[in-house]
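Asker: Please work from the sequences and hints to get the whole structure.
Position in the sequence shown counted from 1, then plus 207, gives you the numbering used here.
If you are wondering where the hints come from, they were derived from the structure by calculation, not from laboratory data.
All values reported here derive from a predicted model rather than from experimental measurement.
One or more hints might be untrue.
Computed cross-link-like contacts, BS3-like style, restricted to lysine-lysine with a CA-CA straight-line distance of at most 25 angstroms [what the hints assert, rightly or not]:
| hint | residue 1 | residue 2 |
| --- | --- | --- |
| 1 | K252 | K227 |
| 2 | K478 | K448 |
| 3 | K478 | K493 |
| 4 | K448 | K328 |
| 5 | K548 | K493 |
| 6 | K531 | K548 |
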Amino acid sequence: MPDHYEVLGVARDASPEEIKRAYRRLARQLHPDVNSGPEAAEKFKLVTHAYDVLSDPQQRQQYDLGPQAGFGGGFGGFGDIFESFFGGGGSRSGPRSRRERGQDALLRIEVDLGEVIFGTKRDFEVDTAVVCETCGGSCCAPGTHPVTCDICHGTGHLQRTVRSLLGNVMTSSPCGSCRGYGTVIPTPCPSCAGQGRVRARRTISVDIPAGVDTGLRLQLPGQGEVGPAGGPRGDLYLEVKVRHHDIFSRNGDDLLATLEVQMTDAMLGTKTVIQALDGDVPIEIKPGTQSAEVITVPDRGVTRLRGTGRGDLKIGIQVVTPTKLDSRQAELIRQFASLRKPPAPQLAKFQQGLFQKLRDRFLNI
208 MPDHYEVLGV ARDASPEEIK RAYRRLARQL HPDVNSGPEA AEKFKLVTHA
258 YDVLSDPQQR QQYDLGPQAG FGGGFGGFGD IFESFFGGGG SRSGPRSRRE
308 RGQDALLRIE VDLGEVIFGT KRDFEVDTAV VCETCGGSCC APGTHPVTCD
358 ICHGTGHLQR TVRSLLGNVM TSSPCGSCRG YGTVIPTPCP SCAGQGRVRA
408 RRTISVDIPA GVDTGLRLQL PGQGEVGPAG GPRGDLYLEV KVRHHDIFSR
458 NGDDLLATLE VQMTDAMLGT KTVIQALDGD VPIEIKPGTQ SAEVITVPDR
508 GVTRLRGTGR GDLKIGIQVV TPTKLDSRQA ELIRQFASLR KPPAPQLAKF
558 QQGLFQKLRD RFLNI
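Answerer: Now the structure itself:
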């Protein structure tokens, strides 16, 4: 049997890309549609068989190790013996299918906090494996088809007698010529190099449900890669990340915000309208409002992911004390203070910082 590396004209340490380029170059020269000579047809079979072996990492490793590789890997050889002797080799009675399920894929997607409230729909492109349009997943060039392997005669495996401590035992191993498929592809598809799939970009539409949070993974069944020989697609997983918002934050299904209120409005009370993520919200500041008080607006938070309804919008109050007063304003404040006759400043019990108090209020309400 000719050396596969010599057949393709590559070094023994050639990379997979170098092997693929060598195969394509020789296939263009020896293909029956281009070269009708009998020697060319025979050489084309050798080139195709060499590529089938060297393009598969496991088959290439076994080929590089030589014929004795089947007996040198730890207990692998004895495993085959016991498997066949005790009937465990029944699963190898037929050839394996070229069609395999595609791999799953994981992508990360970012959404805005406002999109989380009601959910959103996104279209995005993914680089994935799709069915080869030239061969439709058959792996064969148009007009051709697989042929029965002349080494294993379509069984996909070879049997041999091995002398062991138990006597002569019949063992079974995958056919190295067809790699266990039972058939070989004499004329691989030129577009996919006999893989039945190619890399391409495709657009996927995804409905992102309301209430998702950072770290949540969405499963899209059947949206992953197409398997070898046009096998069924794997699944696509989307890991969600919610972007930071400068004004609103999230605690479970509740939205949190801080509202700055002027000292006079806190003392006398007022009404205002704030712009929330889903529209305007009227707010009433009652007279005597203090810093760190929380105003709760029911059902204006995030839609619950698993359940019904929405969380609340919780607004923490921060009373703003003026830092610069003109003479008229200062005089009015002094008059106000003299009328109230407040006590002189004095030490009080320890209080947490404003933002710590706001956080605790948010979490405990």
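Asker: Please work out if K252 and K227 have their alpha carbons no farther apart than 25 angstroms.
Answerer: holds, 16 angstroms
Asker: Sort out whether K493 lies within 25 angstroms of K478, counting only the CA atoms.
Answerer: holds, 8 angstroms
Asker: Mind checking the alpha carbons of K531 and K548 for me, to see if they're no more than 25 angstroms apart?
Answerer: Roughly 23 angstroms between the alpha carbons, so the hint for K531 and K548 holds.
Asker: Tell me if the straight-line CA distance from K548 to K493 falls inside 25 angstroms.
Answerer: Given pair K548, K493 holds - Cα atoms ~23 angstroms apart, limit 25 angstroms.
Asker: Starting from K478, check that the Cα of K448 is at most 25 angstroms away, please.
Answerer: Given pair K478, K448 is violated - Cα atoms ~36 angstroms apart, limit 25 angstroms.
Asker: Between K448 and K328, is the straight-line Cα distance small enough, at 25 angstroms or below?
Answerer: Holds, because 15 angstroms separates the two Cα atoms, which is no more than 25 angstroms.
Comparing the model with each earlier hint shows a violation of hint 2 alone; every other hint is respected.
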